[in-house]
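Chemist: Sequence:
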Amino acid sequence: MPFSLQFAVQFVFSFRFPKRTGVSLYSTATDPTYHHRKCWNGALNNLYGRISRVGDRNACILPILDEWIEEGGNAEKDDLVTIIKELRQFKYYKHALELSMWMTDKRYFSLMKADVAIRLDLISKVHGIEQAENYFENIPKQLKALEVYCTLLNCYAHVKLVEKAEATMQKMRDLGFARTPLVYNALLNLYYKTGNTDKFDVLLNVMEESGISCDRCTYGIRLSAYASASDHEGIDKVVAEWESNPGFQVDWINYSVAANGYVKVGNVERALEMLEKSEKLISSSERPRAVYEHLMTQYAVLGKKDDVVRLWKLYSKHMKIYNKGYIAIITSLLKFGDVESAEKIYEEWESRELTFDIRIPNHLIGAYARRGLFDKAEAFLNRIILKGGKLDTRSWFTLARLYLDRNQIEKAVELMRRALLTEGPQWMHDKRVLAVCLRHMKKRPDLEGAEEFIRQLGDNCVIPSLEPGEVEWDDLNGDKETSGPLEAEGTSRGKSTAGTCKDVREDEADIEKFPEQFSGTIGMLVSTKNHS
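With UniProt numbering, the residue at position 387 of the sequence shown is 387, and numbering never jumps.
Simulated from the structure, these hints should not be mistaken for lab results.
One or more hints might be untrue.
Derived SDA-like pairs: lysine to any residue, alpha-carbon spacing no greater than 20 angstroms straight-line [claimed, not checked]:
(1) K94 to E133
(2) K193 to V162
(3) K91 to R53
(4) K85 to W102
(5) K277 to P288
(6) K77 to L62
(7) K277 to Y322
(8) K106 to V162
Derived DEER-like restraints, expressed as beta-carbon distance ranges [as the list claims (entries may be wrong)]:
(9) S230 to N45: 44 to 52 angstroms
(10) Q170 to S316: 24 to 32 angstroms
(11) S244 to Q170: 31 to 39 angstroms
(12) E340 to Y108: 58 to 66 angstroms
(13) G73 to S285: 30 to 38 angstroms
Note that beta-carbon positions come from the ideal geometry of N, C-alpha and C, so glycine has one too.
Whole structure, please, built from the sequences with the hints as guidance.
Modeler: This is the structure we're talking about:
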């Protein structure tokens, strides 16, 4: 597959780097009080294990916590806070918030300033900015410290409320809190995200005049801003700044982000130089696995298959490989269209009997489907089921969507029927699937045909209520919360995004236009009568 710089630019900015902005000060990634799981005691591991086995992010974990206490389990505050941070790191925000509330409501532990900051962040993520504002207003004055205001600022930045973020920043100045780069980074990132170039430059000048040095996060935001503006000189300036700053410790992420910036401005040679420098810092990294995995995907983006394979061999030689490593190499190989090598890696993963991770086979299912190898994709699905693997929505959805794209409606319906039989009625409750079904039904010339399509999917298929904008393109292409930067194979994921998002928004609006009899439960899909 020939290397396409345009594709590289599109794909590289879908990467999700370890976050360094805003409330990340209170994340497990940077919190000096956070202890890696290998240092946890037996009770802590036991409780976390029970919680982490609840795969559904929307499920309630309170019964698990209550049961733990009833069985005589210990629940010290430090242990609970550690688990909250771990859940938060892996984006189990609802579970983390439930544990935070349980910690005070049932165990009666007092909250410290950092605990309040974390809870504020979790409320914003789970319940929205208005609930977060309400919580903030009721925080006792003595607990409204720097970290709490930083979190509020970051919450506003996350939802791009510029005026409220600026007002919070001014309040922090009045309180004497605006003395560190952490405070400025959230606002800088907000200006970058919202295209406020003038305000971005002014704020950088304010930092310089106030004697506030750039930290790792500031440099990262500046790199992203310059790359977005195709400012080659700006990227060079940032790299030169940190390399000449004796007080700044450069790590692999800095060079990795710089590489992405150079890709964006079309300088592949400089991008490769940055990746080489990033490689040299693997041994000094606290998380070498993450470096190997990330660099493999970046070399794949730049069309350097030999470097991908070379890194994989080094990774295999020096470290034990877990699921994320297999995801990295399989997706990287698929970017070159090398399905055969990806299959061999999959067989190696399968033989190691690690914890089953549906994302790994999903990438191969997608590769087969995109090549029109539908029989092979279905056989692969059956193989997973026979071996006891638990499929997810994406497993069925990837193949069904490809059938729909090729106007093979009957096959798509049959596949969805199989999904309902195997996974239960909750499968079609997924709004992502519904939105895509609606988009394709709209293309049918008659409403009767659309109604027949829904009828064939059957009862137990409850059409959920959707708000406009609730289903995003990322949702339609995979597990938005867990799949991270290793999302799709070499076909350009970004090229049709805008049009498809528009279609999906229209689909959501059309849900309200369905005939009344289709607004609720539609009839048993698999009744005894139909299959007798």
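Chemist: Next step is simple, just say for each hint if it's right about the structure.
Modeler: How the hints compare with the structure:
| no. | hint | result |
| --- | --- | --- |
| 1 | K94 to E133 | holds, 18 angstroms |
| 2 | K193 to V162 | holds, 10 angstroms |
| 3 | K91 to R53 | holds, 14 angstroms |
| 4 | K85 to W102 | holds, 15 angstroms |
| 5 | K277 to P288 | holds, 14 angstroms |
| 6 | K77 to L62 | holds, 16 angstroms |
| 7 | K277 to Y322 | violated, 25 angstroms |
| 8 | K106 to V162 | violated, 38 angstroms |
| 9 | S230 to N45: 44 to 52 angstroms | holds, 48 angstroms |
| 10 | Q170 to S316: 24 to 32 angstroms | violated, 53 angstroms |
| 11 | S244 to Q170: 31 to 39 angstroms | holds, 34 angstroms |
| 12 | E340 to Y108: 58 to 66 angstroms | holds, 59 angstroms |
| 13 | G73 to S285: 30 to 38 angstroms | holds, 35 angstroms |
The earlier numbered hints that this structure contradicts are 7, 8 and 10.
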